[in-house]
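S.K.: Kindly produce the complete structure, drawing on both the sequences and the hints.
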Amino acid sequence: MYKPHLAPLIFFIFTSSFAIEISFMLLAAPKKRPEFQRSLRDLNEVLKYNSDNVHLRLLMLKGCQCDFPEFDNALKNFNNNYPHLQVQQFVVTGDEKQRDYNQNFVNEMYQAIDYLYKRPDWVKPAKLKKHYLINGYYYAMAKYLFQETKTDLFIYLEDDQTYDHELIKKLVEYYSSTNFDDYCFEKVTPYTYAKIPPQPNTSYLTRQWGHYGLVRTRKQMAEFFRMMKFQRYFESGDALSGDFCKVIKKNYFVMNLSRHFGKDKRIPK
Numbered sequence: 001m002y003k004p005h006l007a008p009l010i011f012f013i014f015t016s017s018f019a020i021e022i023s024f025m026l027l028a029a030p031k032k033r034p035e036f037q038r039s040l041r042d043l044n045e046v047l048k049y050n051s052d053n054v055h056l057r058l059l060m061l062k063g064c065q066c067d068f069p070e071f072d073n074a075l076k077n078f079n080n081n082y083p084h085l086q087v088q089q090f091v092v093t094g095d096e097k098q099r100d101y102n103q104n105f106v107n108e109m110y111q112a113i114d115y116l117y118k119r120p121d122w123v124k125p126a127k128l129k130k131h132y133l134i135n136g137y138y139y140a141m142a143k144y145l146f147q148e149t150k151t152d153l154f155i156y157l158e159d160d161q162t163y164d165h166e167l168i169k170k171l172v173e174y175y176s177s178t179n180f181d182d183y184c185f186e187k188v189t190p191y192t193y194a195k196i197p198p199q200p201n202t203s204y205l206t207r208q209w210g211h212y213g214l215v216r217t218r219k220q221m222a223e224f225f226r227m228m229k230f231q232r233y234f235e236s237g238d239a240l241s242g243d244f245c246k247v248i249k250k251n252y253f254v255m256n257l258s259r260h261f262g263k264d265k266r267i268p269k
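Going by the working numbering, the sequence shown opens with residue 1, and the numbers climb by one from there.
Just so you know, these hints were derived from the structure itself, not from any lab.
Glycine residues also receive a C-beta, built at the ideal position from the N, C-alpha and C atoms.
Careful, some of the hints might be misleading.
[What the hints assert, rightly or not] Computed beta-carbon distance windows for the label pairs:
{"#": "1", "residue 1": "Lys143", "residue 2": "Asp52", "range": "28 to 34 Å"}
{"#": "2", "residue 1": "Cys64", "residue 2": "Lys169", "range": "29 to 35 Å"}
{"#": "3", "residue 1": "Asn81", "residue 2": "Asp181", "range": "33 to 39 Å"}
{"#": "4", "residue 1": "Glu173", "residue 2": "Lys129", "range": "37 to 43 Å"}
{"#": "5", "residue 1": "Ser177", "residue 2": "Asp52", "range": "17 to 23 Å"}
M.R.: Below is the structure:
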């Protein structure tokens, strides 16, 4: 069971009311390449956005129990140099052996299903556990923000993305001119190996892989949590969201404002 422990939160007093509240959920872990450092270079610029009508929150989670100085330095930087940004570290505690992805029957179930459908990539227990770990972290962050804040837009960020420096400005413009609730969910980061869509693309897509750049409104998040009451094991940034969209017969709303480079041979300059 997830038992989030939250680091002390500093509250800032604003004199004007906010038209929209945006919460970013950033999950990061050490990599062999300096991917997080490259991602931060853009994110530092994105989060400089400051408007009386937009309240920004950044929830950061370290995806390991390890030394990760780049994460610690980033957290310190955002706390010290972004007074308009509400920054918080999210820490998941509890017995790791009791988490869903560590239960033996889950591996057995997937091995049986994947054998029948000849999908060997999912038969590997280590890869399966990695996905469940990531899914569980994002689920815990989203649940906390949904219950404890008045967030209007929830945005999932991974540690290997580049960003349009005007991401927030453009996202707010889309949000103001489009009823996001008419869609299943939104993406600011198109699938890396798909044809880059026009801005925006609202047609059915085969899949929008990954948590990176996934956006949900408060209404969409409520629908997501209702769905998750009946299924704890299949939530991911891709499969469940995509299949759920087909079931409810709603399209995605895809904006080309970010890129996932984790599988690229070279880190973007």
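S.K.: State the violated hints by number, sorted upward, taking the hints as numbered earlier in the document.
M.R.: none
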